[in-house]
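Student: What follows is the residue order along each chain.
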Amino acid sequence: MSYLDLSIREIHEALLNKKVSILDLTKEAISRAKKDTNNAFECILEKEALEKATKLNDTIIPKDNYFYGIPYVAKDNFSTKDIETTGGSNILVGYMPLFDATVIKYLNEAGAILIGKTTLDELAMGGTGTSGHKGKTFNPYDPSHTHMIGGSSCGSAAAVADGIVPFALGSDTGDSVRKPASNSALVGMKPTWGLISRYGLFPFAPSLDHVAYFTRNVEDSALLLNLLSKHDDNDETNSFKTRDDYFKELNSNVKGKKIAVIKEIRESITDKEMNKKFNESLEFLKNEGAIVEEVSMNKDLLTSIFPTYFVISCAEATSNNANLDGIKFGPNYGGKTYQEVMYNVRTKGFSGLIKRRFVIGSYSLMSENQHDLFLRAQKARHLIVDAFNEVFKKYDCIYLLAAPNVAPKFDEASDRLNNEYLIADNYLAFGNFGGYPSMTIPLGFKNGLPYGANITSKPYDEKSVFNLALNLEKFTHLADVSFLNYKDKEEK
Amino acid sequence: MKAVNKAVLKDAANRLLFDMSDEQYDMLLDEFHIIQSQLDLIGKIKGVDEATPMTFPFDCTVTFLREDNPSTPLKKEDVLKNAKNVQDGQIKLPKVV
Numbered sequence: 001m002s003y004l005d006l007s008i009r010e011i012h013e014a015l016l017n018k019k020v021s022i023l024d025l026t027k028e029a030i031s032r033a034k035k036d037t038n039n040a041f042e043c044i045l046e047k048e049a050l051e052k053a054t055k056l057n058d059t060i061i062p063k064d065n066y067f068y069g070i071p072y073v074a075k076d077n078f079s080t081k082d083i084e085t086t087g088g089s090n091i092l093v094g095y096m097p098l099f100d101a102t103v104i105k106y107l108n109e110a111g112a113i114l115i116g117k118t119t120l121d122e123l124a125m126g127g128t129g130t131s132g133h134k135g136k137t138f139n140p141y142d143p144s145h146t147h148m149i150g151g152s153s154c155g156s157a158a159a160v161a162d163g164i165v166p167f168a169l170g171s172d173t174g175d176s177v178r179k180p181a182s183n184s185a186l187v188g189m190k191p192t193w194g195l196i197s198r199y200g201l202f203p204f205a206p207s208l209d210h211v212a213y214f215t216r217n218v219e220d221s222a223l224l225l226n227l228l229s230k231h232d233d234n235d236e237t238n239s240f241k242t243r244d245d246y247f248k249e250l251n252s253n254v255k256g257k258k259i260a261v262i263k264e265i266r267e268s269i270t271d272k273e274m275n276k277k278f279n280e281s282l283e284f285l286k287n288e289g290a291i292v293e294e295v296s297m298n299k300d301l302l303t304s305i306f307p308t309y310f311v312i313s314c315a316e317a318t319s320n321n322a323n324l325d326g327i328k329f330g331p332n333y334g335g336k337t338y339q340e341v342m343y344n345v346r347t348k349g350f351s352g353l354i355k356r357r358f359v360i361g362s363y364s365l366m367s368e369n370q371h372d373l374f375l376r377a378q379k380a381r382h383l384i385v386d387a388f389n390e391v392f393k394k395y396d397c398i399y400l401l402a403a404p405n406v407a408p409k410f411d412e413a414s415d416r417l418n419n420e421y422l423i424a425d426n427y428l429a430f431g432n433f434g435g436y437p438s439m440t441i442p443l444g445f446k447n448g449l450p451y452g453a454n455i456t457s458k459p460y461d462e463k464s465v466f467n468l469a470l471n472l473e474k475f476t477h478l479a480d481v482s483f484l485n486y487k488d489k490e491e492k
Numbered sequence: 001m002k003a004v005n006k007a008v009l010k011d012a013a014n015r016l017l018f019d020m021s022d023e024q025y026d027m028l029l030d031e032f033h034i035i036q037s038q039l040d041l042i043g044k045i046k047g048v049d050e051a052t053p054m055t056f057p058f059d060c061t062v063t064f065l066r067e068d069n070p071s072t073p074l075k076k077e078d079v080l081k082n083a084k085n086v087q088d089g090q091i092k093l094p095k096v097v
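Chains as they are written, first to last, in my numbering: chain A, 1 to 492; chain B, 1 to 97.
A hint or two may mislead.
[To be verified] Result set (BS3-like, lysine-lysine): computed pairs, CA atoms no more than 25 Å apart in a straight line:
| no. | chain 1 | residue 1 | chain 2 | residue 2 |
| --- | --- | --- | --- | --- |
| 1 | B | K84 | A | K263 |
| 2 | B | K84 | A | K134 |
| 3 | A | K328 | B | K84 |
| 4 | A | K230 | A | K258 |
Derived by calculation from the structure, the hints in this document are not laboratory data.
Use the sequences and the hints to build the structure in full.
Tutor: Take a look at the structure:
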């Protein structure tokens with residue numbers, strides 16, 4: 001057991017009480033990162049991290065700054081000044097940003113120590129953790145490397161699940177933090193759209209993109225949101241609302257809280273063992289005083305979440321990545337005109353998967369198709385959000401299993417037209433459509449592999465999400481779980 | 001809607017200034033019947049064509065003007081230090097016109 005395995009608050013207390021030093025903590029994190037066998041890292045920032053840790057080591061730890069001296073990692077689609085930032089794509093190899101993303105800046109200012117940049121699906125466009133330029137990222141819970149961890153924030157999830165760092169930054173456009181969190185027993189939080197600045201995050205589909213993050217318990221998640229959610233004028237979509245003190249307001253009392261379980265989503269998940277555990281959690285919540293009710297929604301809307309997401313995200317991605325031109329960014333393979341330069345670099349720089357997604361985006365934006373595809377998807381999004389907003393008028397939270405099963409195998413093919421795929425495997429994107437705060441928490445283990453549950457609430461009601469999640473930690477006993485200690489926790 | 005075939009997909013790729021291998025076009029063409037069936041589901045939503053398109057989750061109107069405070073921009077050395085090709089104190093880009 002190392003201090004690195006404790007919660008952020010406990011590590012902070014250990015630092016305050018001089019039980020461990022910042023330098024030793026950083027060295028331990030780097031040592032663990034170097035032993036990584038899951039391909040979690042684009043780069044390990046040993047020199048930079050040790051320099052900062054040495055600088056902070058003999059300073060006085062500020063009592064109210066929980067992140068002072070805490071090691072962390074960030075997905076490689078956050079700009080980091082003078083540190084190569086590739087977005088997991090060959091087209092950005094060698095790109096050294098001139099500035100830090102706002103969230104990186106906040107963490108730097110707080111004294112947190114960035115020990116590495118993590119792998120991702122190329123430009124965050126993917127959900128399998130397989131399409132980044134460094135190859136597949138593996139799930140720490142499966143040493144045989146048969147089951148994926150999922151993506152796109154695969155490396156960040158793997159680093160926290162493997163006990164390398166207590167928290168990690170990721171991004172979530174469809175479910176890119178919340179799905180890998182389910183596959184690796186983590187708390188994956190995507191707050192309300194606009195609550196955390198996206199300045200310096202590589203855009204994928206800005207109407208859906210969120211900064212999100214992984215922790216190993218709910219309390220740490222609230223602490224991190226306090227730090228990251230400050231207003232930032234550099235992001236014009238950043239909210240002007242006064243932020244709550246999410247940590248101070250943590251309260252596991254759910255008495256009288258109204259919780260909706262969407263009937264059609266619940267029915268699309270058929271795994272008996274997972275359903276049993278989920279039903280037990282519902283009983284637990286009822287015993288805690290929550291009002292749990294099954295709510296029916298229009299199935300046509302639910303089966304349309306995935307195709308709606310697919311069209312909108314692919315279409316937005318085509319324009320957002322138009323700047324990757326081989327002139328301002330990326331390697332140069334020559335060409336007589338700017339079109340030729342772009343053509344050469346984009347043909348060589350993008351992988352096959354991302355090009356196929358771009359083609360779908362381009363196809364849906366063709367003038368002959370725009371009405372039937374892109375505009376219709378935007379209209380469907382409106383109806384889907386309206387339907388969920390109706391649920392939130394009566395209920396504090398929607399609570400469901402986060403996925404239909406444990407992490408799938410790399411070579412597992414699924415029927416992409418059945419309800420399990422269309423609803424259960426992809427419904428989390430409704431959280432991005434409506435910009436809702438949405439959190440995945442670990443719920444249990446099946447054959448040694450974790451699975452999670454998801455809690456979503458109305459915009460800016462992070463408090464309801466945190467409080468329900470905190471209550472459920474009493475049921476799951478999985479706070480602070482990682483690959484290093486899960487067997488002990490599982491037995492409880 | 002435009003019928004999908006290899007030429008249409010190639011046109012869609014070329015509009016974004018890249019190309020794919022024949023194998024990738026074939027793979028995408030194979031995938032398209034599933035994608036098309038998924039997209040057809042959107043059309044089944046009652047009243048979808050009468051709805052207004054949603055471009056952002058909710059309104060986020062920016063109503064402030066930044067104060068006109070002078071600030072120090074990036075130093076020239078900072079701008080140049082990560083550039084791949086520097087000549088006479090300026091970043092040299094590939095000749096494209």
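Student: Next, verify each hint and record whether it holds.
Tutor: Results for each hint:
1. B:K84 <-> A:K263: It is violated: about 56 Å lies between the C-alpha atoms, which goes past 25 Å.
2. B:K84 <-> A:K134: holds (23 Å)
3. A:K328 <-> B:K84: Given that 25 Å is the threshold and the Cα spacing comes to 10 Å, the pair holds.
4. A:K230 <-> A:K258: Roughly 29 Å between the alpha carbons, so the hint for K230 of chain A and K258 of chain A is violated.
Of the hints listed earlier, those the structure fails to meet are numbers 1, 4, in rising order.
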